[in-house]
Structure formats: C-alpha cells, structure tokens
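J.: The lines below spell out each chain.
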Amino acid sequence: DGGITQSPKYLFRKEGQNVTLSCEQNLNHDAMYWYRQDPGQGLRLIYYSQIVNDFQKGDIAEGYSVSREKKESFPLTVTSAQKNPTAFYLCASSSSGGGYTFGSGTRLTVV
Amino acid sequence: AQSVTQLGSHVSVSEGALVLLRCNYSSSVPPYLFWYVQYPNQGLQLLLKYTTGATLVKGINGFEAEFKKSETSFHLTKPSAHMSDAAEYFCAVRRRDSNYQLIWGAGTKLIIKP
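Protein chains in written order, with the working numbering: chain A, 4 to 114; chain B, 10 to 123.
Careful: at least some of the hints might be erroneous.
Estimated spans, in silico, between C-beta atoms of each pair [as the list claims (entries may be wrong)]:
1. B:Gln11 <-> A:Gly43: 14 to 24 Å
2. A:Val114 <-> B:Lys67: 21 to 31 Å
3. A:Glu18 <-> B:Gln54: 45 to 55 Å
4. A:Glu18 <-> B:Ser21: 13 to 23 Å
5. B:Glu24 <-> A:Ala84: 22 to 32 Å
6. B:Glu73 <-> A:Ser83: 27 to 37 Å
7. B:Gly71 <-> A:Asn31: 37 to 47 Å
8. B:Thr61 <-> A:Thr82: 36 to 46 Å
To be clear, the hints were calculated from the coordinates, so they are not data collected in a lab.
Note that the Cβ used here is the ideal one computed from N, Cα and C, for glycine as well.
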C-alpha cells in the first residue's frame, strides 16, 4: 500500500545534540513538507520541497535543516541551534492540486 | 493574505447530537478546500475536499461539508455524533499562488459528551 512513513515514533534528544527525523513516501508525490505541532498551536510549517534538490523555508525554519536528494525522502535535522525542540513533528506529501497525505508523526523530547 | 478561520477552539456536543464545525476562508477566487481529522498522537487524515462541481461534499465517517461562496464558508457537519468522533479537526485552503501549499486553520477540538 502507498503511504508515508515517519521514523522513529519517539525520539529523545540531549542538550546540544543534533537529531534527524526520517520521512519516506512511496506515493510518487512531488512535494513534501515538515510541520511542527505544539499543544494549542495548530500546524506550523518548517520546510517544504516541491522538487528534488530544492526546498524552501517555512514560517519557523530557524534551528532546522532538510535535504531532498531523492523524491521519496525528506529528512529533517533538528540542530542544537533549536532551543525548544520538544514537539510533535509531522511530515506530509502531496501531488499538484491534491490534498496532503500525512505520516503518523514523531514525538521529540529533550532530556 | 489568504487566511482560514475556524470558529471555536473547542466544541462540545452530546452523543447523538448534530456536529457543526465552522470554517471561513478569505479568497477572491474559487478555492480548493479541505477538512482533516487528527486523533491523539496521530497524523492528520483527509475527511473530505472541495475542488469544483457539487458544493455539498460527502466524506468519510458520515461527515459532509457545504461550500458556500457567498458566505466564504465551508462548515463541516455530521447529523449524529459518536464517541469515536472525538478528535481535532482542521480546515485548510489551497494557496492561490501555489499548486501545492495549503493554508491551515488553527483547529477545533471536538468533545463528545456521553
């Protein structure tokens, strides 16, 4: 079945550490997105990519980095520069004109 | 700038009662509109979408929404609430200048009272 897979489901980060969240899709979608979700704050866009080897900053890109070397993959790195990374992270993909398909999310906690 | 407004961060209804979740958008051209549902600790799932054609759109789990251009609204309804409908619901509109990006409402948490 086609879908979008995020891993891991839970992730713990120590202070000053970089961590990478994985997102893979087999829907042949052109575009992929990363959102951050905090309680009561809805969805906030971190980065998005509409084509391989190209990506754009969203509303809250500081402290995050991404790559899009393959159409299927859009990993997100949470760097040590992100001072408050504890949140629920959602990856999504879409085709042109279509709705989004979401992964099941990664919950990141700073320990 | 385009925007999506969901009225009420929390809506509480009794089991068996009508569910009405409100969504208004700002757009000068016919938009693509979406409703998504999110259960706790899960990703979002598409409930229904409006692109063109019939203004009453039926979705999964007995939900439907009506596009009303004159009111710039796309309210989500379900005739009879079930306990399993308790979740957060998000309305979204496609950005006018993009074939891909959506603009999201802040979400409405639906609470079902037994």
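J.: Can you tell me whether the CB distance of Gln11 (chain B) to Gly43 (chain A) sits inside 14 to 24 Å?
T.: Given range 14 to 24 Å: holds, Cβ gap about 22 Å.
J.: In this structure, is the beta-carbon distance linking Glu18 (chain A) and Ser21 (chain B) contained in 13 to 23 Å?
T.: Violated - the Cβ-Cβ distance for Glu18 (chain A) and Ser21 (chain B), about 40 Å, lies outside 13 to 23 Å.
J.: Tell me if the beta carbons of Gly71 (chain B) and Asn31 (chain A) are separated by a distance inside 37 to 47 Å.
T.: Once the Cβ atoms are compared, 31 Å apart, the range 37 to 47 Å for Asn31 (chain A) and Gly71 (chain B) is violated.
J.: CB of Val114 (chain A) to CB of Lys67 (chain B), is that within 21 to 31 Å?
T.: violated (46 Å)
J.: Confirm or reject the claim that Thr61 (chain B) and Thr82 (chain A) have a C-beta distance inside 36 to 46 Å.
T.: holds (43 Å)
J.: CB of Glu24 (chain B) to CB of Ala84 (chain A), is that within 22 to 32 Å?
T.: violated (47 Å)
J.: Does 27 to 37 Å hold as the CB distance between Glu73 (chain B) and Ser83 (chain A), or does it fail?
T.: Violated - the Cβ-Cβ distance for Glu73 (chain B) and Ser83 (chain A), about 47 Å, lies outside 27 to 37 Å.
J.: Take a look at whether the Cβ-Cβ distance between Glu18 (chain A) and Gln54 (chain B) falls inside 45 to 55 Å.
T.: About 35 Å separates the Cβ atoms of Glu18 (chain A) and Gln54 (chain B), which means 45 to 55 Å is violated.
Figure legend: structure checked against the earlier numbered hints; hints not met, in rising order: 2, 3, 4, 5, 6, 7.
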